[in-house]
Amino acid sequence: MPAIDGNRLLRDLYAAREIGRYKTGVHRPTFSPEDVQARHWLAARLTEARLEASIDGIGNVYGRDPAPGRKLLMGSHMETQNHAGWLDGAMGVLYGLEVARTLGRGIDVAAWADEEGHFGSFLGSRSFCGLLTEQEIDVCGNRETGVLLRDALRNAGFSGRPRQKIDTARYRGYLEAHIEQGADLEDHRLRLGIVTAIVGSRRFRIQFKGQQNHAGTTRMSVRKDAGVALVKLVAAIEERFPTIANPRTVWTTGDIRLDPGAPSIVPGGAELVFQFRDTDQATLDALDAALHELVAEAANGPCEVTVANRSSTAPSAMDPAFQGALEGAARRHAPGLYQPMPSGAGHDAQILSQVLPSAMLFVPSIGGISHHYTENTRDEDIVLGCQVFADAAAAILAEA
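The end of the sequence shown is residue 401 by the working numbering, with every number in the run present.
A couple of the hints might just be wrong.
Label-pair ranges, simulated between beta-carbon atoms [claimed, not checked]:
id: 1; residue 1: ASP6; residue 2: ALA236; range: 53 to 61 Å
id: 2; residue 1: GLY118; residue 2: VAL223; range: 16 to 24 Å
id: 3; residue 1: HIS372; residue 2: ALA318; range: 22 to 30 Å
Don't read these hints as lab results, they were simulated from the structure.
All C-beta atoms, glycine included, are put in the ideal place defined by N, C-alpha and C.
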């Protein structure tokens, strides 16, 4: 099997880290000047590797192998969460670049736009797979600034370019590498994770309507306190969900707001954003049913309780044959130091898996930290992961 150049890989990663550097991490939100700079920087690296580089109308960066024959597509994303880590996304893209240089042919590389969701949900990979409409692009806006996606694309210089669409006949499949973003590998003193499935998720915005009133003069017996109703629902969820959940099921109340949110006013309105994740569809359905039962029970109290909005993604199983190729490479390079595992975070591979056989490889995150500027992975684990990735790619291409 060809040997990657670990020093070259690390140089690329360190160079990418300087674009939008923040403390020990990176601040490179989607279509910010730093993100646009990183996309053009990547296109130049792809060209140097003798790939045909381009950036399309949604901001996806592609490096295509001009040689004949079926390809293996590799990718991830270059943008980051705000003030976050230097490896989340970029490592997977630069693994693809290094494998393309190492194998010499058979590899296409992609950096998908907005995996981190500043404007929407997996916009770049969904666009490539034909799952993003022009109408959705029209209404997407930045979650923090409100800037419309159309305006952001125009400011980035990508407006008016065609959006590239997948030619499934070109590809044998898709591979993505990523830091784990958790501590399971580190806790078990392992160096590699072979992803079996990516979790599905359900997200809800739940609203409570009570009666705003004076906190000093409104008797407790007649209050319609929307904040109390919210807290009681969260407590009921924490009691009910463990009786349904699997060992790896997770749920989060990620945002709570009270209206008007003042110390001397009984809240007349309240809102929470709640989500849960699992790789098992039946478990997701059971949790969904339980949540709606709890919402109905809460609505029997003094406040109105409604589910104002919901969204969902389905669990995505990774291709068994590709998992086998990754496991074979892991066994050669790190015997006894790898494990199969689900991904608790979402990744572009869950979108690509709808149209191509797909698989993922994880390397450890130090301390399990991610989405924070202190995120890090040991250099030797980064290099090992890329070598395993290259070996698996060579094995997959040999069977194509």
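Against the earlier hints, flag every one the structure doesn't satisfy and list their numbers going up. 2
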